[in-house]
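Asks: These are the residues of each chain, in order.
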Amino acid sequence: MNASPKPTVTILAALNKALADACAEDAKVILLGEDLADPEGGGIVGVTKGLSSQFGDDRVRSTPIAEQAIMGAAIGASLAGYKPVAEIMLMNFTTVAMDMIVNHAAKLRFMSGGQTHVPIVIRTMTGLGFGSGGQHCDYLEAWFAHVAGIKVVAASTPEDAYGLLRSAIEDPDPVLMIENLPTYFMPMSTELPDASHRVPLGKAAVQREGSDLTIVTYARMANESRVAAAQAAEQGISVEVVDLRTIAPWDRETVLASVRKTGRLLVVHEAVREHGVGAEIAAVVSEELFGELRMPVRRLGGAYAPVPYSKPLEDAFAPNAARILDTITQCVN
Amino acid sequence: MATKSYVASPAILLDIYRRTALLKANDERVRKVITSGKIAMVYYSYRGQEVVPAALSACLRDDDQLCTIYRGIHDMLAKGFPLKEMWAEFAGRTTGSCKGKGGPMHLTFPAKGIMVTTGIVGSSAPIANGLGWAAQLDKSDRVAVATFGDGASNIGAVHESINLAAVWNLPVIFLCQNNLYSEHTAYKKMTGGETIAGRAAGYGIPGVRVNGNDPAAMYAAAAEAVARARAGEGPTLIEAMTFRFHGHNFGDPGEYIPKEEMAAALAADPVPALRARLIADGIATEDELSAIETEIEAEIDAAVEFAISSPWPVADDLRHDVFAQEIAR
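First to last, the protein sequences are chains A and B.
The numbering of the first sequence is my numbering, which starts it at 1 and goes up by one.
The numbering of the second sequence is my numbering, which starts it at 1 and goes up by one.
Take these hints with a grain of salt, some might be off.
Some chain A residues well away from chain B (every beta-carbon gap over 10 Å; in silico) [as the list claims (entries may be wrong)]:
1) A66
2) Y82
3) M111
4) G129
5) F130
6) Q135
7) E234
8) G263
9) E288
10) V332
11) N333
According to the in silico footprint, chain A covers these stretches of chain B (three or more CB under 8 Å from chain A) [stated by the list, open to error]:
12) 105-118
13) 128-135
14) 262-270
Only pairs whose alpha carbons sit at most 30 Å apart, straight line, appear in this in silico DSSO-like list of lysine-lysine [stated by the list, open to error]:
15) A:K203 / A:K261
16) B:K38 / B:K188
17) A:K28 / B:K259
18) A:K6 / A:K28
19) B:K139 / A:K49
20) A:K203 / A:K6
What the hints contain is simulated information worked out from the structure, not anything from laboratory work.
All C-beta atoms, glycine included, are put in the ideal place defined by N, C-alpha and C.
Using the sequences provided together with the hints, build the complete structure.
Replies: The following block contains the structure:
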């Protein structure tokens with residue numbers, strides 16, 4: 001038996017290739033953000049490394065630390081026919097650009113009666129694990145999912161990271177891509193995706209099939225859920241893992257089909273559980289499948305607290321594979 | 001100081017008057033129509049500020065792009081926004097430029113470069129930078145203009161934007177229309193420093209304070225800023241001094257404006273002043289100007305009639321224009 005090749009490809013490498021391929025294929029793709037060009041290091045974690053050298057300083061621009069100006073420049077350039085990919089370094093920094101994102105990027109198509117549109121991508125990273133505390137790690141996807149006119153995506157594999165980013169850049173509407181900091185660097189695949197690879201927006205992935213319980217999740221919690229599902233299988237529990245990939249607008253058909261099959265739903269996200277994306281999914285599943293559910297819908301999410309600093313508190317804050325496995329066994333037994 | 005090439009010729013002054021006459025007549029009609037109950041709409045009168053965008057627009061082309069604000073209908077009309085599509089949008093009808101989905105605070109007409117109208121104070125400036133960046137990438141000499149009021153000059157987004165325009169050398173004109181009141185509050189009570197134009201020095205770009213009610217002075221300032229932007233010489237901040245003859249929004253009596261201040265401003269109404277000057281200088285006759293005004297009234301009559309006889313949108317329209325793809329039922 002041949003040993004399977006050791007994975008070397010990370011989400012970070014996939015994102016870098018997606019941006020490079022998009023820039024190479026379409027001269028209208030332009031990039032902006034803090035420290036993004038090569039003289040500044042090619043991005044704080046290196047997602048844009050090499051791109052300003054390859055595609056020029058006009059198209060790949062470092063910006064001042066000025067998130068409203070970054071978002072405004074992206075919106076304006078998109079109105080004039082460009083496809084800007086704006087990096088807001090950390091998701092918490094979107095809070096200082098909410099006016100541009102919510103009042104303008106998301107609404108200009110509608111408010112103009114379709115005369116203008118805003119084909120931008122906002123790339124932003126977040127996620128706990130590096131002890132950054134309360135202002136660098138929040139998952140705020142529910143805020144954006146609540147605004148009509150902007151799509152929200154998150155990947156948990158290099159293939160999905162590549163395919164979602166390429167689709168987001170090609171999409172005629174604004175897309176917020178949430179990247180996870182700790183999983184940037186995890187080797188997960190053996191080959192970088194081909195330039196033709198796309199993941200359609202609005203389409204979830206059934207990453208593991210199962211019959212006893214459905215987990216609906218996304219971002220790093222999809223990675224944790226896959227681990228928990230594999231461990232549950234050793235106990236004879238068959239778990240289906242659905243990675244939403246697009247958080248808004250989300251793939252109701254795939255989720256409902258899965259829960260119809262298993263009769264049990266557990267939603268897992270890193271964001272604070274209260275008023276989170278899980279609440280919407282739980283509500284829709286309850287409305288559509290009430291008579292077919294074998295248990296009330298369960299949710300796991302971040303604690304109702306700001307993200308803490310101290311390691312034991314950080315560990316206690318969010319779900320992990322062990323806690324997911326524990327909940328799976330509670331649900332099924 | 002205006003250089004020779006930026007002197008408003010008689011033809012330009014007449015062009016500016018034609019625009020101001022349209023803006024003044026349209027404002028008067030809007031207030032009349034709201035009062036009559038024929039159309040219910042939110043409205044922020046610009047009466048008194050007409051010369052500023054009229055002189056600016058005399059320097060602009062259709063492909064030059066504008067981001068304006070809720071008190072910006074004068075900016076749009078001066079740049080050529082068609083009356084029928086504007087009035088139908090006021091009335092919330094499907095024939096409005098935005099199909100009734102935007103309303104008077106979000107009027108848009110890209111064919112004339114009217115790209116964004118925002119209801120958020122200070123938000124025209126960041127987006128204008130992106131339009132300027134696109135012009136730079138296109139190697140076009142078109143320019144972008146962000147108009148905003150004195151109140152917006154204290155918003156962080158405006159400062160972020162002027163700084164970015166400076167470091168990227170963008171072809172953007174930041175036009176602050178200082179009407180001396182930010183909503184209900186006097187300019188001097190809320191603004192540090194003597195002038196808004198003076199803030200430009202902090203960003204290393206030219207800043208000029210000009211009498212925005214003086215057509216020749218306003219034209220010279222705008223023409224110079226536009227010429228700089230077209231030549232790749234970067235952004236300019238213009239502070240156009242003007243005055244607002246009405247309250248913040250329709251229905252606000254503006255009692256916070258001292259009576260003497262208002263009386264002096266009304267006595268110096270820039271539109272009849274320009275009219276009188278054109279006649280006195282022999283640039284146009286009374287009859288010629290009256291003919292222009294009569295023509296404008298007829299165009300507005302037709303626009304109002306078109307608007308109120310146009311169909312209303314239907315509930316199903318909510319599913320369209322949220323995304324390119326319609327929202328599922």
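Asks: Count residues of the stretch 128-135 of chain B with a Cβ under 8 Å from any Cβ of chain A, then say if the count reaches three.
Replies: Answer holds; 8 residues pass the 8 Å Cβ test.
Asks: Between the stretch 105-118 of chain B and chain A, see if three or more residues pass the 8 Å beta-carbon test, and mark the coverage as holds or violated.
Replies: holds (count 7)
Asks: Check the non-interface label on G129 of chain A: least C-beta distance to chain B beyond 10 Å or not.
Replies: At about 31 Å from chain B, G129 of chain A clears the 10 Å cut-off, so the statement holds.
Asks: Is the Cβ of E234 of chain A more than 10 Å away from each Cβ in chain B?
Replies: holds (40 Å)
Asks: Does the alpha-carbon distance linking K139 of chain B and K49 of chain A stay inside the 30 Å limit?
Replies: holds (26 Å)
Asks: Far enough from chain B: is every CB of that chain over 10 Å from the CB of F130 of chain A?
Replies: holds (28 Å)
Asks: Is the Cβ of E288 of chain A farther than 10 Å from every Cβ of chain B?
Replies: holds (14 Å)
Asks: Over 10 Å to the closest beta carbon of chain B is the bar; see if N333 of chain A clears it.
Replies: The assertion about N333 of chain A holds, with a minimum of 38 Å to chain B.
Asks: Quick check for students: does the CB of Y82 of chain A sit more than 10 Å from each CB in chain B?
Replies: Violated, since 6 Å does not exceed 10 Å.
Asks: Far enough from chain B: is every CB of that chain over 10 Å from the CB of V332 of chain A?
Replies: holds (33 Å)
Asks: Compare the distance between the alpha carbons of K28 of chain A and K259 of chain B with 30 Å, and conclude whether the hinted pair is satisfied.
Replies: Roughly 55 Å separates the two Cα atoms, so the pair is violated.
Asks: Closest CB-CB distance from M111 of chain A to chain B, is it above 10 Å?
Replies: violated (4 Å)
Hints 1, 2, 3, 14, 16, 17 and 18 from the list above are not met by this structure, while the remaining hints are.
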